[in-house]
Amino acid sequence: MSGYIYSYTPFVNVRILNPFLGVSYPEDDWLLAVIDTGFTGFLLVPEKVFMSLGLGEQRVKVIRARTADGREVELRGAYASLILRGLNVVLDGLVETHEGVEEVLLGMRALRGLRVILNSCTGTVSIDVCR
Amino acid sequence: MISLGVMTVKINDELEAEFRRKVALVYGAGKGVLSRALEDAIRLWLESVGKPRGVKFYAYKDGEKVAESDTLEGLAEALRSRGLSVREVVIVSSDEPEFERLGFRARRV
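These protein sequence lines map, in sequence, to chains A and B.
Numbered by numbering that gives the first Met the number 0, the letters in the first sequence go through residues 0 to 130 in order.
Numbered by numbering that gives the first Met the number 0, the letters in the second sequence go through residues 0 to 108 in order.
Hints are computed from structural coordinates only; laboratory data are not their basis.
Everything numeric in this text was worked out from a predicted model, so none of it was measured.
Note that the Cβ used here is the ideal one computed from N, Cα and C, for glycine as well.
Check each hint, because a few of them may be wrong.
[Said to hold, decoys possible] Distance ranges between label pairs, derived from CB positions:
id	chain 1	residue 1	chain 2	residue 2	range
1	B	Asp-39	A	Glu-46	21 to 31 Å
2	A	Val-61	B	Val-8	45 to 55 Å
3	B	Lys-60	A	Cys-120	45 to 55 Å
4	A	Gly-85	B	Arg-20	22 to 32 Å
5	B	Leu-45	A	Pro-25	32 to 42 Å
6	A	Arg-65	B	Ser-34	25 to 35 Å
7	A	Thr-8	B	Leu-14	27 to 37 Å
8	A	Gly-99	B	Thr-7	46 to 56 Å
9	B	Trp-44	A	Leu-113	12 to 22 Å
10	B	Phe-98	A	Val-22	27 to 37 Å
11	B	Lys-30	A	Cys-120	28 to 38 Å
12	A	Ile-116	B	Ala-23	35 to 45 Å
13	B	Glu-17	A	Glu-56	27 to 37 Å
14	B	Thr-7	A	Glu-26	23 to 33 Å
[As the list claims (entries may be wrong)] Simulated coverage check for chain B against chain A, where a stretch passes if three residues somewhere in it have a Cβ under 8 Å from a Cβ of chain A:
id	stretch
15	67 to 74
16	91 to 103
Could you put together the complete structure from these sequences and hints?
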């Protein structure tokens, strides 16, 4: 099992690493992330998490995005690595943030090359690598 | 001279028996075969942990490419070996998004 379904929402435990500064968030624990199939990016995090990882020290990229209600916003992004609890792989990608983001969202880009099974009978989420 | 590390670990009995059986089959019964097989197993595990997904990462300084790697960890290592800080370079990838779509979950953005 890699995660669970609670209140009709699939959660997984993740840890984010900034390999350039040797910083991780959380340091020794795991963070709950929501699998968001409506998000095309890699990982969206609150600004507090972005800054804790020291990602503001990279030359931050500005990525245009469209919200579900049709607004256009500019996300800030920097590269970092992601570990999914129980999965034997490190995922690298652009971690993005914006004012008002309150939870960690795992997007479709992060799930590329992975098999995700939502099992509503057991309330669990299983993730493994495509072979 | 190669220095040899010593690890003392506890593993499941059945897994150990299966491992020893397969090691004897593949490597024979000579001295040091268990260590050799374990080293091979650890190498395989390490490769699978850092398995790249076909994405390349590059670091540019003043418009010139100074490092590239299949992983961010590899890129960070390459920058460190050149004495460069992440603040001095621009990092790009072969899979850089130009435009994102956000779902209803990110409605407060």
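Hints breached by this structure: 1, 5, 6, 11 and 13
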